[in-house]
Amino acid sequence: MTIVIGPSVDHADPVQRRRLATELRKLLPDHCVLDQLEQLQPFECDAMTSAREIPLLVVLPETLQQLQAVVRYAHEIGIALIPRGAGTGLSGGATPRPDAVMLVVSKLSRILKIDAENRIAIVEPGVCNLAISEAAAAEGLFYAPDPSSQIASSIGGNVAENSGGVHCVKYGLTTHNIRQIKYLDPTGELITIGGSGLDGAGYDLMAVMTGSEGMLGVIVEVTVNLLPLPESVVLLQAAFPSMEQAGEGVMSIISAGIIPAGLEMMDQTAIEVVENYIHMDLPLDAEAILLIELDGTDAEVEAQLEQVKTQIGEYQAYDLRLARSEQERIQLWSGRKSAFPAMGQVTTDFYIMDATVPRRHLAHALKRIVELSNQYELRVANVFHAGDGNLHPLILYDASIADEVVRTEALADEVLTLCLALGGTLSGEHGLGLEKLDKACDQFSTVELEQFERLKRVFDPDGRLNPGKAIPTPNRCAELGGLHVHEGKIPFPELERL
Amino acid sequence: MSDISQQLVDQIADARDTGGRLAILGHNSKQGFRGQSAGERFSTCDHHGIIDYEPGDLVLTARSGTPLVEIEALLADHGQCLGFEPPRFQPLRFSATDPANLEEPLIQGLGTLGGVVASGVSGPRRPWVGAVRDFVLGVSMVNGLAQRLHFGGQLIKNVAGFDVPRLMSGSMGSLGLMLDISVRVLPIRPVDLTLQLEMSLAAAMKKMIELQRQPLPLSGLVYHQGILSVRLSGTEQGVASAESIIGGDHLVDGAQWWNGLRDHRWDYFLQPEPLWRLSLAAATPLPGFYKADADDDWLIDWGGAQRWYRGDVCSEQLHDYVAEHGGHMSCFRGPMADQELRLGDRNLLPLHQQIKTAFDPPNVFDGSRAKVA
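Going down the list, the sequences are from chains B and W. Counting along the first sequence from 1, when you hit position 206 you're at 206 in this note's numbering, and nothing is skipped either side. With the second sequence counted from 1, adding 1000 to any position gets you this note's numbering.
FYI, nobody ran anything at the bench for these hints, they're computed from the structure. Keep in mind it's a predicted model, so treat the numbers as computed, not measured. Just so it is clear, CB atoms sit at the ideal spot from N, CA and C, and this is done for glycine as well. Incorrect hints may appear among the rest.
Said to hold, decoys possible - Below, a list of computed lysine-lysine pairs in the BS3-like style, where the Cα atoms sit at most 25 Å apart:
#	chain 1	residue 1	chain 2	residue 2
1	B	K456	W	K1291
2	W	K1291	B	K113
3	W	K1291	W	K1206
4	W	K1206	B	K113
5	B	K113	B	K26
6	B	K26	B	K170
7	W	K1371	W	K1291
Stated by the list, open to error - If you want the footprint, here are the derived chain B segments under chain W, 3+ residues with CB under 8 Å:
#	region
8	12–22
9	45–57
10	183–191
11	234–244
12	262–276
13	330–341
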């Protein structure tokens, strides 16, 4: 990745923009077609702000028919489309191009049906993740995947990125929690995959479409599974004298047969930064803190809680804090959840990484990251999903010092290489997007990339859907950017990001 | 334990170069499922062995020809299991001269890991823990070009590249040969308890929906022959508390009973007539042709989402009923098991054909058991 700072430049052809806008205004209302620079600027990036480009044009259809008309027209004239939801993606999956129309689905935001008997919700792609659970709550149900951006991110984007969240250690990712998708192929044809039941006929196209980063189709409707709201939820916070003991604690909980609803870790740097920001009397001598959330029936949760305390007690867990009521849990979660703004207090810039390692290697990976942090003379804080081995190292640096930028890039690259070497992957939940195009060449061989390419061509023979993202062509290893936060100036700073 | 991957790759390369057709088979325990194979029998059985298992990571990696019984035994030693309860079928052979009689089956084993993933069939616990496809984390495979490929990994969270491992699940060996597979495993819950309640099919359908809307530790919900069976899995305290809500009689030796369902060893499954499998939303009403005195034609599993039918209603009527409710169906076993699967959307047929070609351009792998229409 390469960190790029500075305003975006408009590279689009103004004549092409004008002509296209005129044609598209015949298909949808004037206000749904944006072609003025000041209108286009808000769409210059998604939440990976380091890659910016003014889109050729932005369209915001209000109905499926309008959306379909745009896709058909784009097919007729052979222009590329970049689907976009709420723009909260962290890997640049919705970064614009000067030669592509940005297709924003956020106005398709109706919850079409909550079917309590079948425990499903049928929703348009622009429906906000959290809105589904809010609508289902009256029926005692909820939608489990909860990416940290859930107050803003929309379900179409969640499907495109196969979003995870704090609770996916127990409930799985988006791919485990949806049963039907309707999408438009690049010619505008409406296609339904999956089924009303728990599986569909034939090849598992739901799996292929989920996490395909807008490269295979434009998602226009999703049927998601809903689960009964748990009777009881408790949150336990525990400190550990060493990172190894915290890592062993994680392994021991899982090995004891307990799958917590959430299992999160903060390392010493993160604890220190968060404590200075929020003052919740966190133990500053601890090398790590674990947050363990359990849910289920009252009886189930109480039994598991005792088991967890016994397990982690063997690894010298101390300073145990238990939250039972919703208010208490929000309070206890607030340390973990304020990590992002807290970092903004101690550094001008930080780079958020996303990678995975098998749980057995967590302690080793974190120790190695400390060594790399010392070697590159850059602070690194770790706040992450320990339950599923999903690391989010935050590299703290100052972008006004050129050398620090270079060192940050090198350090980030080494961390990814480390994770791959330990049997992990390049991304646990942020996707490859633009950010990791080059690094994908390290994870996948030429023949694997060719196989991806053949699969892509089945769905998008002309390569017009979100070109240049997620899957590099075999000969491409260009340097590209990462999520960059400069002086807290990020879009939607109120959003939780990790 | 042996790794014969190079030999397998060479055989595929040979078939690629000579226009050969390979029918991948493990134990052949699902003989007849989705019809008959065509082409040269290409056995994975000698590609065998558990490569990696770390209980704390909830992941096991094994070669595709590894017997399920071997994997399940190792997992059980560590208090873990394959959560989706893959069936361990014994192949049935009906006598050609007297279709009502069973001949001695040709049993090689009770299924391999590769066969489980390729068939995509899951057992009674599926609605609460996920299907086989949900547990597949990574595969090493060989495509029709005889290229070795690796997709996915050993972690539940992985969003790097298209999700090929899950696409392989249920593809019936038509897209490539899986060499080794990483699957997520789950802890065995401390207590399993089965409660049985007598009621009509119509009442059971309502009860199943009602129970599934509550936060109960359910792990099985099946109706057959006038009895609704509810399995609970969890801690002793959790199960006891749920029992007080549900009521009913304890089923003694529940584990064996559920294995009979999981492995299709009940008499209901062992008949020569077509066994239809209907996949529908759990609350989908029973069809108009359903008659109250024909309850026993049905076996309702997965809390209503997987329905077995063994009656004399013609297949077109069943197809119409399922299509009307957005589900799908297949003849799971019996004389019509080689029927093409009907896809709900006409655009899906060309997609399926092109996906087959994308993975297997020279058409090396037999697609007879992945037929769709």
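Practice task
Could you tell me which of the numbered hints above are not met by this structure, giving the numbers in increasing order?
Solution key: 1, 2, 5, 6, 7, 8, 9, 11, 12, 13
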